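Participant: Single-letter residue listing:
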Amino acid sequence: MDTKILISVEQLHRHYGHILAVEAISFELAQGEVLGFLGPNGAGKSTTMQMITGNLAPSSGRVRINGIDLLDEPKRAKAEIGYLPEQPPLYQDLTVDEYLYYCARLHRVSKGRRSQAVKRARDRCGLGGTGRRLIGNLSKGFQQRVGIAQAILHSPPVVILDEPTVGLDPNQIRDIRTLIRELGENHGIILSTHILPEVQATCSRVQIIHRGKLVFSETMQELEQRLTSHALVLETRKPCSAQHLEAVPGIQRVEPLGETRARLQFEEDNPADAVAACVASQGWGLVELSLDRQTLEQVFVDLTCSDAPAPDGVAAV
Amino acid sequence: MILTIALREIKNLFLSPLAWAILAVMQLIVAYLFLIQLDEFTLLQPRLAGIEGAPGVTDIIVAPLLQTTGFLLLLIAPAITMRVFSDEKRNRTLTLLLSAPISMTEIVLGKFLGVTLFFLLLLAMLLAMPLSLYAGTTLDAGKLASGVLGLALVLSTFAAIGVFMSSLTEQPVVAFISTLGLLILLWIIDWSGTSQAQISTLFQYLSIKTHFESFLKGLFSTADAGYFLLLTSTFLILGIRRLDQQRLTG
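As given, the protein sequences belong to chains P and L, one line each in that order. Take the first sequence: its position 198, counting from 1, is numbered 197 in numbering that gives the first Met the number 0, and each next residue is one higher. Take the second sequence: its position 152, counting from 1, is numbered 151 in numbering that gives the first Met the number 0, and each next residue is one higher.
No wet-lab data here; the hints were simulated from the structure. Keep in mind that this is a model prediction, so the values were computed, not measured. A couple of the hints might just be wrong.
Mimicking EDC-like on lysine to aspartate or glutamate, the simulated pairs with C-alpha atoms at most 20 Å apart in a straight line are [stated by the list, open to error]: (1) L:Lys142 - L:Glu51; (2) P:Lys3 - P:Asp272; (3) P:Lys74 - L:Glu105; (4) P:Lys74 - L:Asp243; (5) L:Lys88 - P:Glu267; (6) P:Lys110 - P:Asp92; (7) P:Lys212 - P:Asp92; (8) P:Lys118 - P:Glu217; (9) P:Lys237 - P:Glu217; (10) L:Lys10 - L:Glu105; (11) P:Lys237 - P:Asp272; (12) L:Lys10 - P:Asp92; (13) L:Lys10 - P:Glu254; (14) P:Lys3 - P:Glu22; (15) L:Lys10 - P:Glu97; (16) L:Lys88 - P:Glu79; (17) P:Lys212 - P:Glu9; (18) P:Lys3 - P:Glu217; (19) P:Lys237 - P:Glu254; (20) L:Lys88 - L:Glu169.
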């Protein structure tokens, strides 16, 4: 699969009156990528998405969808996008089928392919038996699925989903994640959310936006590496001594966390087996020995909580 | 694409009981007016027979009927147009149209066409009554056609104004009131001309009623038709600008 650049955003700014909602955001999205867009409430996620989909005009900057400039040729560019806004744009008075057919027409799906497209979108989103039901009578989860069906109906190269799993039950969330991963194989997807595990489960790249600025942008592999810990947490039944532990090969530093707990810094290979052997030989009684993993949540909190400066190497892109 | 939006608009109208209620109520009221006019004509007929060049059945029944219908629709048109954009904004469904590969012009024209087609349907149903006179007499087809064309133009103007007003607000009731206000103002604006000769021509030109009346007399002039087309396109362009501006200001 060639990695075509599907979205390229350059120096996007957006003011609301005096408030600068989005400042100098630039990024690219390639085919086959699922980009997770994270940020606290009011960080500018939705504003950015609205600008990429042409619902909001940027104050300055450029958006190109599949090589087509959104501001110069909005009609052609919009044809390349499927968008699910924060509030799914559903007509409560229509049945699911009526609604999807209308969307298909709006997206210029040719008459011959329309019923097939509607059927496919319905099946992919698990809307099997709901075709003739009124959207207004569906549960929130099903309405959300109709919204997603609407976004993927015309099989656009780019799919933009703003908080797609809000209001869904855990089973539905899993279904939707599977769907997003499937779609990610041959579409480019931008997914905004503040559910962090969701990002780890579905995305191939993560961006964190804070106060309108992009403060973090890494692929999932890079992130995994960053999160791969170089510390072990040890808990023993009897008090353990730091000196003995420091003598274990591979251990660099020992931070006591109390009488029976310690945090062991190491480099390169995980010395858990050696530590276990040491604990056994000293007769301390091993209770817990685990990797002290840093989570995405910590990264997120570090970057977006308070005015703490970004950690080294996580400069704004 | 314009047609797709227009058809959706009409179907949406008929999904709510409002459209049906309006069709029924208008039919009832106009039928009553029609009967009154018919009664009056049968009273006048013996006297008219003696006069050379007396007004015919078209002048006595059809023209007043169309004029009253026009005024009644002025009161009812805002109820139809009020939801066009404000409902979409309130339910956040406008996003669907804005993110689809459609231009603002197509959206506004689609909505306008949908509402206008509904009005024309209403007009066609009301027209059945004057046409039923053909069973017993002959009508002045030219006058009838000119009157109907006039009313159709008036209705398209109502639709354009209503669509624009609806794009201004999220509250359908506000759209209703402001449309009604503007339409009434445009209808009665020539009243001021009667006392002050100075400004009368301008105000008379601005009045919907003046132009509509010449259509009812069977007078088709491009100036009158032009007035309606100008007013309609002005408000449509304002509507398009309004949507565009919303994209800019958010």
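Participant: If a hint holds in the structure, say so; if it doesn't, say that too.
Facilitator: Now the hints, each set against the structure:
Pair hint L:Lys142 plus L:Glu51 holds up; C-alpha atoms about 19 Å apart against a cutoff of 20 Å. Of the supplied pair hints, the one linking P:Lys3 and P:Asp272 is violated, its CA atoms being roughly 46 Å apart against a limit of 20 Å. Taking the CA atoms of P:Lys74 and L:Glu105, the gap is about 11 Å. The hint holds against a cut of 20 Å. Using a Cα cut-off of 20 Å, the hinted pair P:Lys74 and L:Asp243 holds, with the two alpha carbons roughly 14 Å apart.
Restraint check for L:Lys88 and P:Glu267: the C-alpha separation of about 57 Å exceeds 20 Å, so the hint is violated. About 24 Å separates the Cα atoms of P:Lys110 and P:Asp92, which puts this hinted pair outside 20 Å; it is violated. Between P:Lys212 and P:Asp92 the alpha-carbon distance is near 40 Å, which puts this suggested pair outside the 20 Å criterion. Only pairs whose Cα atoms come within 20 Å are accepted, and P:Lys118 paired with P:Glu217 is rejected, the gap being roughly 36 Å.
Distance restraint check for P:Lys237 and P:Glu217: the Cα-Cα separation of roughly 42 Å exceeds the 20 Å cut-off, and the hinted pair is therefore not satisfied. Proximity of L:Lys10 to L:Glu105 is assessed by CA-CA distance (about 18 Å); at most 20 Å being required, the pair is judged to hold. A hinted pair counts as satisfied when its Cα atoms are at most 20 Å apart, and P:Lys237 with P:Asp272 qualifies at roughly 19 Å. Taking the CA atoms of L:Lys10 and P:Asp92, the gap is about 10 Å. The hint holds against a cut of 20 Å.
Restraint check for L:Lys10 and P:Glu254: the C-alpha separation of about 71 Å exceeds 20 Å, so the hint is violated. Taken as a hint, the P:Lys3 and P:Glu22 pair is broken in the structure, with Cα atoms around 26 Å apart against an allowance of 20 Å. A C-alpha spacing of about 11 Å is found between L:Lys10 and P:Glu97, which places the hinted pair at or below 20 Å, so the restraint holds. Taking the CA atoms of L:Lys88 and P:Glu79, the gap is about 24 Å. The hint is violated against a cut of 20 Å.
At most 20 Å may separate the alpha-carbon atoms for a hinted pair to count; P:Lys212 and P:Glu9 meet this at roughly 13 Å. Proposed proximity of P:Lys3 and P:Glu217 is supported: the alpha carbons are some 19 Å apart, at most 20 Å. Distance check on the hinted pair: P:Lys237 and P:Glu254 sit about 17 Å apart at the alpha-carbon level, within 20 Å; holds. The hinted pair formed by L:Lys88 and L:Glu169 meets the criterion: a straight-line CA distance of about 6 Å does not exceed 20 Å.
Hint compliance for this structure: hints 2, 5, 6, 7, 8, 9, 13, 14, 16 are broken, all remaining hints hold.
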